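Enquirer: In order, the protein sequences belong to chains S and Z. Note that the numbering used here has the first sequence beginning at 1245, numbered continuously upward. Note that the numbering used here has the second sequence beginning at 3, numbered continuously upward.
Just so you know, these hints were derived from the structure itself, not from any lab. As the structure is a prediction and not an experimental result, all values here were calculated from the model. C-beta atoms are modelled at their ideal positions from N, C-alpha and C, and glycine is treated no differently. Take the hints with a grain of salt, since some may be wrong.
[What the hints assert, rightly or not] Label pairs and their calculated CB-CB ranges:
no.: 1; chain 1: Z; residue 1: Pro-36; chain 2: S; residue 2: Gly-1405; range: 46 to 52 Å
no.: 2; chain 1: S; residue 1: Arg-1616; chain 2: Z; residue 2: Glu-23; range: 25 to 31 Å
no.: 3; chain 1: Z; residue 1: Asp-50; chain 2: S; residue 2: Pro-1312; range: 48 to 54 Å
Residue-level listing of the chains:
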Amino acid sequence: MSAAADTTVPFGAAATPAGVADGGVGASAATPADAAAEGAAGTGVTAGPGAGATLDVRGDFPIFARAPGGHPLTYLDSASTSQKPAAVIQALAGHLGEHNANVHRGVYALAQEADGAYEGARARIAAFVNGDPKTTIFTKNVTEAINLVAYAWGRANVGPGEAVLITQMEHHANIVPWQQLCRERGARLRYLEVDAEGELDPAQLDAELERGDVRLVAFAHVSNVLGTINPVAAMTARIRAAGALSLVDGAQAVPQMPVDVTALGADFYAWTGHKALGPTGIGVLHGRRELLEAMEPFLTGGDMIAAVDFEGATWNELPYKFEAGTPPIAEAVGLGAAVDYARALGMERVRAHELTLTHYLLGRLREVPGLRVVGPPDAERRGGLASFTIEGLHPHDVAELADRGGVCIRAGHHCAQPLMRCLGVAATARASVGVYNTAADIDALIDALQAGREVFGL
Amino acid sequence: MDDLYRDYILEHYKRPRNFGELQPHDLEGEEHNPLCGDELGVQIRVKDDRIEDLRFHGHGCAISQAAASMASEELKGMRLDEVRELGADWMIELLGIPVSATRRKCALLNLKVVRGAVGGDHDWPA
């Protein structure tokens, strides 16, 4: 925790959103002590004066010992990938160093340890979002999870004259698989529009559903560009009532707010480990059991079969039917440690922390002349990120100039080129926060942006 | 004095030479930088196997726009077979700044478009 002491900067009183000061802390089941039991260096929660509950966990993340160019590392790109706590790094190394064996086949004790670690991780990962382990499928990432549904469900259930409905704010991962499906099956792909504040119109969803041809609606829980938090439960209820299925891309939601996949009511819900403090190489797909049971496999080969003869094969039970080949064992163990860590922090606290920071971020960005933020204007309606443009400065140059102050932000189209066209920009710069960020990180960003404007004579 | 964003780089970025459309033109090309979504197009008028005139259009960062602007001045009058052989070093030297691996695509985008427009190798730069 040595690095954490100097990073607890109280936010201005104005930056404290009403009602989140103690947001759900009492309701949080886990305590920081649980994290210590998992080997975390510490997951202290401090309440800054007048700032509400804020996390103070920078010291849990070894990467912050780095000082690029002599600056403290200011990492504001968690929407791309999160940094990893020591507990996750230790869990990965510990598994590979002490318990490594293939799963589901070995009879020896070491293989049983690996089995236990893998399936134990699945149980904890499923529980983290209130899912059922049997319907919690490990994939490579969200992209593969969505492709799984587009192939295994879509090819069998979407036909000529039918439609798939998505939104203008989707990541390419939730666009291209549906484009391919619709092209192959002679189906139509339609888009819900994004309004000037980056939100969807429920009336347009209703109107689209009333046309009667929509088989599936796929949409982001939280937009990776706009930050918009979509009203998932309300949308899935409408979609279900219309007889269509729903798929939710939760890549940006699970890392930063409490998510209950059962209560949200989506037929499919996908998220990824590496944005949620876990390793790369593991994604998660939760699906409704009857649908998964009726679906043919996506990838085929080892581990997903019940029996194979020379003529054919029968499929393994859920979730193994959809996990062909040796699965991401160490990655699952790492993600298991990540959800343990997040549970100990309490996802209500994580949301309160990021909301407080997002308030502060939006307020400070407004100080920069010529800067325009896209998406919902107030922090309550968005996740912990802000995409922006600065007049006279290309986003690529913004990111380069920020890097000189040790500030890592993303620049580009964020894998959402159709949305960029809607916004009338080719690219934006994007700052996104995680559990380890502090107001000091945002101050460093603003300083870097102001210095960058000076370089360009603005 | 900034190493990358030197005065002349910013000057070309803010007031690009030969920016816009060229009508009529004989050759044209367009490319985008998949990293940042930038687009750059060029229109070229040819006389006696040389570039008589050219204009570029599109949007991009300071490095890609300055590269396009600075190159446009050099390319006028150049023989097409010479243009087809121009290498990355020519462009980087002309820019006169240290170009990092991530900004190399920005620096070379314009030359990629121009080379393509005059019938050069589409796979360039490898």
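Enquirer: Check each numbered hint from earlier against the structure, then list the numbers of those it violates in ascending order.
Expert: When the structure is compared with the hints, only number 1 turns out to be violated.
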